[in-house]
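S.K.: The residues making up each chain are set out below.
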Amino acid sequence: MSTIEAKLSTQAVASPEDRLVIGERAFVSRLIVGTGKYATYDLMRDALAASAAQVVTVAVRRERLYNDQGQSILQFLDLSRYTILPNTAGCFTAEDAVRVARLGREILTQLDNSGASWVKLEVLGDKKTLLPDPTGTLEATRELVADGFQVLAYSSDDPIAAIRIKEAGATAVMPAGSPIGSGQGVLNRNNILLCLELLKEGDPTFPVIVDAGVGAASDVSIAMELGADGVLLNTAIAHANDPVMMARAMHHAAVAGRHSYLAGRIPKRLYASASSPWEGTISGVPGTVIPGE
Amino acid sequence: MTVVANGEKREVGEQAKVADLLGELKLGTAACAVEVNKKIVPKLQHSTHALAEGDRIEIVTLVGGG
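Chains A and B, in that order, are what the protein sequence lines are.
So the mapping is simple: the working numbering equals the position in the first sequence, first residue as 1, plus 25.
So the mapping is simple: the working numbering equals the position in the second sequence, first residue as 1, plus 135.
This is chain B alone, in the form it adopts within the complex:
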């Protein structure tokens, strides 16, 4: 199925969870926060939250800023 991660279309497996996507992106160990359709999925739920067709996912981290 197709999801949109950080603005880019991406194919993921039918049963994919948030953690699977992060693993594919090599972000499994990164300090990052994930939002699916504008709702935060806390880290504890990354391995259980199933993605759905068309989900819009934001994966963010901390960068320099003022």
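Just chain A, same shape as in the assembly:
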């Protein structure tokens, strides 16, 4: 068995209450879903419900000053049901990300939502790829942790970048499967496995969430089968032809992938291994002799 296969077949012990634990919070659902890009807020509300997610991400943006007739997303989010995870999307410097995180905390504190003390930290390096800026992410993580935040940090799938972010004090590290919104799934399973190994070494409950790149439900299952604690996605649901049905599929995929991981997969083999016994076959099997003939 190769090292990769050995990793894939790693046995994990299923606890009777299998939960996604992030900091002080525990969730049954291992999906975190975004609230962006929906055609309507009604559709968003229904898709969020179908996903069974308990954590949803939101962005922090300027109020529109002259058009106050628009609907607010808050009218469509049941705050007793969801923990809101504010993001710092659109920030390209640590300074801006820290400002946005604090503004998000100020709003969620007013709403008395338990998401007030945490943030999905994104410090982007480039508008075209939306890949994270590794130094900016580290800098912002340190500053936000010092300010009392629980930081869930978006990272590349580089295992060393991931471990440095953990060392900076992040509560969870969220390596990207592929670029945000690209729908390419988990492009480098080996790197995700290395992230999992390094981040969980001596700290098996440290949460690692695959964030970004999901295109279809199978991508979620793959991430979960690799041993990720959860998956964060948005576009794959919001831009599906039928977002509500896709949200349901994502929910099932997360459960299936988690169970598959916990159950422990078989090693991959080059040759076949028959499921039906050879003994008692009435036909000739090449290379063997049927007794009595």
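Read the hints as simulated data drawn from the structure, not as lab findings.
Hints should not be assumed to be uniformly reliable.
[Stated by the list, open to error] Distance condition first, Cα-Cα at most 25 Å in a straight line; then the derived SDA-like pairs of lysine to any residue: (1) 161(B) to 65(A); (2) 173(B) to 168(A); (3) 225(A) to 160(A); (4) 174(B) to 121(A); (5) 144(B) to 86(A); (6) 178(B) to 150(B); (7) 293(A) to 219(A); (8) 178(B) to 104(A); (9) 144(B) to 160(B); (10) 173(B) to 105(A); (11) 152(B) to 89(A); (12) 174(B) to 65(A); (13) 173(B) to 293(A); (14) 153(A) to 223(A); (15) 173(B) to 208(A); (16) 178(B) to 219(A); (17) 173(B) to 117(A); (18) 178(B) to 154(B); (19) 173(B) to 160(A); (20) 178(B) to 160(A).
[As the list claims (entries may be wrong)] Residues from chain A that keep clear of chain B, each with C-beta distances beyond 12 Å, as calculated: (21) 53; (22) 62; (23) 131; (24) 188; (25) 192; (26) 236.
Cβ atoms here follow ideal geometry from the backbone N, Cα and C, with glycine treated the same way.
Once you've looked at the hints, dock chain B against the given chain A.
M.R.: Using the frame of chain A, we list chain B on its own:
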């Protein structure tokens, strides 16, 4: 006096507080956060924090995002 709110110049009264500006913008009851010159003014201080000439004010809320 003139302040800059969300990138746009705006005239406010000489004694204007953050809450007065929010009221003028019909945002008095909205779930929003306010930053004046890159420092957050918590909601509890909206009615007491006085604005000054040239203040740069950001008023933000939550929107859909991933």
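S.K.: If a hint holds in the structure, say so; if it does not, say that too.
M.R.: Hints, one by one, checked against the model:
no.: 1; hint: 161(B) to 65(A); verdict: holds (24 Å)
no.: 2; hint: 173(B) to 168(A); verdict: holds (16 Å)
no.: 3; hint: 225(A) to 160(A); verdict: holds (22 Å)
no.: 4; hint: 174(B) to 121(A); verdict: holds (12 Å)
no.: 5; hint: 144(B) to 86(A); verdict: holds (18 Å)
no.: 6; hint: 178(B) to 150(B); verdict: holds (18 Å)
no.: 7; hint: 293(A) to 219(A); verdict: holds (19 Å)
no.: 8; hint: 178(B) to 104(A); verdict: holds (20 Å)
no.: 9; hint: 144(B) to 160(B); verdict: holds (13 Å)
no.: 10; hint: 173(B) to 105(A); verdict: violated (31 Å)
no.: 11; hint: 152(B) to 89(A); verdict: holds (20 Å)
no.: 12; hint: 174(B) to 65(A); verdict: violated (33 Å)
no.: 13; hint: 173(B) to 293(A); verdict: violated (55 Å)
no.: 14; hint: 153(A) to 223(A); verdict: violated (29 Å)
no.: 15; hint: 173(B) to 208(A); verdict: violated (36 Å)
no.: 16; hint: 178(B) to 219(A); verdict: violated (44 Å)
no.: 17; hint: 173(B) to 117(A); verdict: holds (16 Å)
no.: 18; hint: 178(B) to 154(B); verdict: holds (9 Å)
no.: 19; hint: 173(B) to 160(A); verdict: holds (22 Å)
no.: 20; hint: 178(B) to 160(A); verdict: violated (33 Å)
no.: 21; hint: 53; verdict: holds (22 Å)
no.: 22; hint: 62; verdict: violated (7 Å)
no.: 23; hint: 131; verdict: violated (4 Å)
no.: 24; hint: 188; verdict: holds (25 Å)
no.: 25; hint: 192; verdict: holds (26 Å)
no.: 26; hint: 236; verdict: violated (9 Å)
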